[in-house]
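J.: Line order of the protein sequences matches chains A and B.
Counting in the numbering used here, the first sequence runs from 5 upward without gaps.
Counting in the numbering used here, the second sequence runs from 5 upward without gaps.
Each pair may be met inside one copy or between any two copies, as identical chains are not told apart.
Subject to a maximum C-alpha distance of 25 Å in a straight line, what follows is the list of computed SDA-like cross-link-like pairs (lysine to any residue):
1. LYS293 / ARG113
2. LYS34 / ASP55
3. LYS34 / GLN57
4. LYS34 / CYS44
5. LYS34 / GLY64
6. LYS317 / GLY153
7. LYS293 / SER116
8. LYS293 / CYS44
9. LYS293 / LEU350
10. LYS293 / TYR220
11. LYS293 / LEU115
12. LYS317 / CYS44
13. LYS293 / GLY117
It should be emphasised that the hints constitute simulated quantities derived from the structure, not laboratory data.
2 protein chains.
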Amino acid sequence: MKRDKAELVSVPDLSGESSGETGRVVAMEKRLLTRMLAACGRPPITLVLWDGQELTPAGGTPVGRVLIRDRAMLYRLVLNPDLEFGEGYGNGRIDVDGDLPDVLVAIYRALSGAGSGKLKDRLMERLYRPRRNTLDQSRHNIHHHYDIGNEFYRLWLDRQMVYTCAYFPTEDTTLEDAQTAKLDYVCRKLRLEPGETVVEAGCGWGALALHMARHYGVNVRAYNISNEQLAYARDRAQAEGLADRVEFVEGDYREISGGYDAFVSVGMLEHVGVANYQQLGDTINRCLKREGRGLIHSIGRDRPGLMNAWIEKRIFPGACPPSLGEMMSIFEPARFSVVDVENLRLHYARTLDHWYARYRDVEDRVAEMFDEVFVRTWRLYLAGSIAAFINGDLQLFQVVFNRSGSNRVPWTRDYLYREQ
Amino acid sequence: MKRDKAELVSVPDLSGESSGETGRVVAMEKRLLTRMLAACGRPPITLVLWDGQELTPAGGTPVGRVLIRDRAMLYRLVLNPDLEFGEGYGNGRIDVDGDLPDVLVAIYRALSGAGSGKLKDRLMERLYRPRRNTLDQSRHNIHHHYDIGNEFYRLWLDRQMVYTCAYFPTEDTTLEDAQTAKLDYVCRKLRLEPGETVVEAGCGWGALALHMARHYGVNVRAYNISNEQLAYARDRAQAEGLADRVEFVEGDYREISGGYDAFVSVGMLEHVGVANYQQLGDTINRCLKREGRGLIHSIGRDRPGLMNAWIEKRIFPGACPPSLGEMMSIFEPARFSVVDVENLRLHYARTLDHWYARYRDVEDRVAEMFDEVFVRTWRLYLAGSIAAFINGDLQLFQVVFNRSGSNRVPWTRDYLYREQ
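Chain A with its partners taken away, still in its complex shape (with noise of 0.2 Å):
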């Protein structure tokens, strides 16, 4: 058999290269590209390689198309495929043209939808150790994330800076709404009333603490392991008065001291780790009192699996999204009884389908503060966690438990829908 000679050209080394070789396309690379396609399950994208060829999806109008711009590139999006899609986008050696929120979730239903097969399955559920959530390491793994500065998170946040899943009572429902409707929504799952008294885990920039102070009449402790946060919930605290009834704590849910009727988590469940939610839960045994209530709410999944390796690496080092069974490890080994279950997936699209939006409109802000890859990296993790959410392979669980046998229940569920 005759070898087409241009086939020839040598896989290129990738170890340290900024950007790879961009002769043409060759036949091989052609074929390679066609099987990864297939093993995709053929997403309705058009490919366009760095020489201008171009790989047109079989039948109908594709999403939109995704431009490999060298040849390294190609090489290593097939060998690393969760890692490398979001590097190569970061760094502007993968591009998308089109809507992004689109394209990803049009490659996200193909891969749901693919036959499983070896390369399927190294590109679905490749191996990744996500990190030790030691205290120390939890406090680094924190700061990466949340300490990039307030004034960045300001620029495309709701007003009272709530980074977690808002809640919509209808679909048109803005997002400043939405994160109320959220903070009120917690609270009244809670059942909380005048003069008890509430501790939260990981409370963000203290939006959810000053709401339950305000409106109910609670006394708050919250802890958070976020420094810039802290200050700037401290700051909110003594400009509206609040002070004296919310504490806001430098401290992992490990150091929670005292005794409380409520204990809420809402997003930081994310950043445990499975292997720690036993520790959580004799926390909460510790600090619940006998007719206690309790709250989480965390991104999740329908079954174990391991976050995306990109994700992990470039924006939320230790971070696991558990199953609802592997919840379970936090509930029952402590003798809590779980109340209710409610999966929120289609709020969290909606609530950034809205950060996207408005992270679109800042981005020339982004880009006067941070650099170029940083500006693409978050534009793709917001994109593509609209995309996770809209195909199911991120869910969103809120988890209200009391002690097993306590009778302090509401009767039925409908108080929550009733209008206040």
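Dock chain B against the given chain A, drawing on the hints supplied.
T.: What follows is chain B alone, placed relative to chain A:
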């Protein structure tokens, strides 16, 4: 040390005796009883022994009196309390003076509050091996409980013969209305639409299947392995002109075939056994359409554990209420997504209150159908179940799920609580 001569009474032979010796209670036996009561957390009950001697609790007014009518019964109780309390009550060698559910709640509460210890552990966690639920064994087990006779259940269940936890929209809803409300609540959680197809696993006397067809315009195939229940359900479908839209099939959940828009199972999972959950998940996976929804309603527990030995022996052979974590082995391997979990524990206590009161009213008629042991056994089972739900030893979970990534989900849960 001088030994009290009366203590030299020998432990009675427990093999096959119908009623034990009734000589005077000796000091050693009183010490044994005192120790047993301490291990049980000192419930506020008076213990009355066969010779008329009483042991009263230290403080407070006793809720009631427990009578132990002979010496052999006492030793049986100490050796194997989980089983022998029920056995003794059934055959009249133990009796209870006072409101039976109240006395049992007091005992359960005391047990839950008692510290741990060897005797307590034996009392609480006595190992009991549940029967294996093969197809044949399942048929045998189900026959044991559900084929006692429709006439028996008709005496004390609601008009529609619904033998599962009702849903009381308000605390004063009648049992009849609460069972209808439950059927409706299940249909609304499933978001049934006219023309859809539904498969029901374990359909009892057919009330839910018929309700779905009549009020939601769906076509139902309902499986059951209890012949008596099936005969009743088929008669009802004929009489109500629904036989063309509801098919009652004699078969186990493992024998379900076809493709459906919805899967529903109310009060069957308790009989499946945790070891078979993955197989149940596979069955649902096989029979549910792409945008299908499912609901499983089951008695559960806050943590894995075994069924009370006496209930397992006399009432529900092979039964095992799962923890929520155990239930996840139905959903996670088969890639289902849990949308909603509600714990209706106190609704089951209320349902049982109604059943118990009705049962007490018809005990004379039950006595015409069965012997006195049967009458007392079922009285204790109903009263004990009230106590188990009030005390939190048992839970009632309703889990709604769909396929991972299906976006046919309600935007919020408020539609469940709006006036229809």
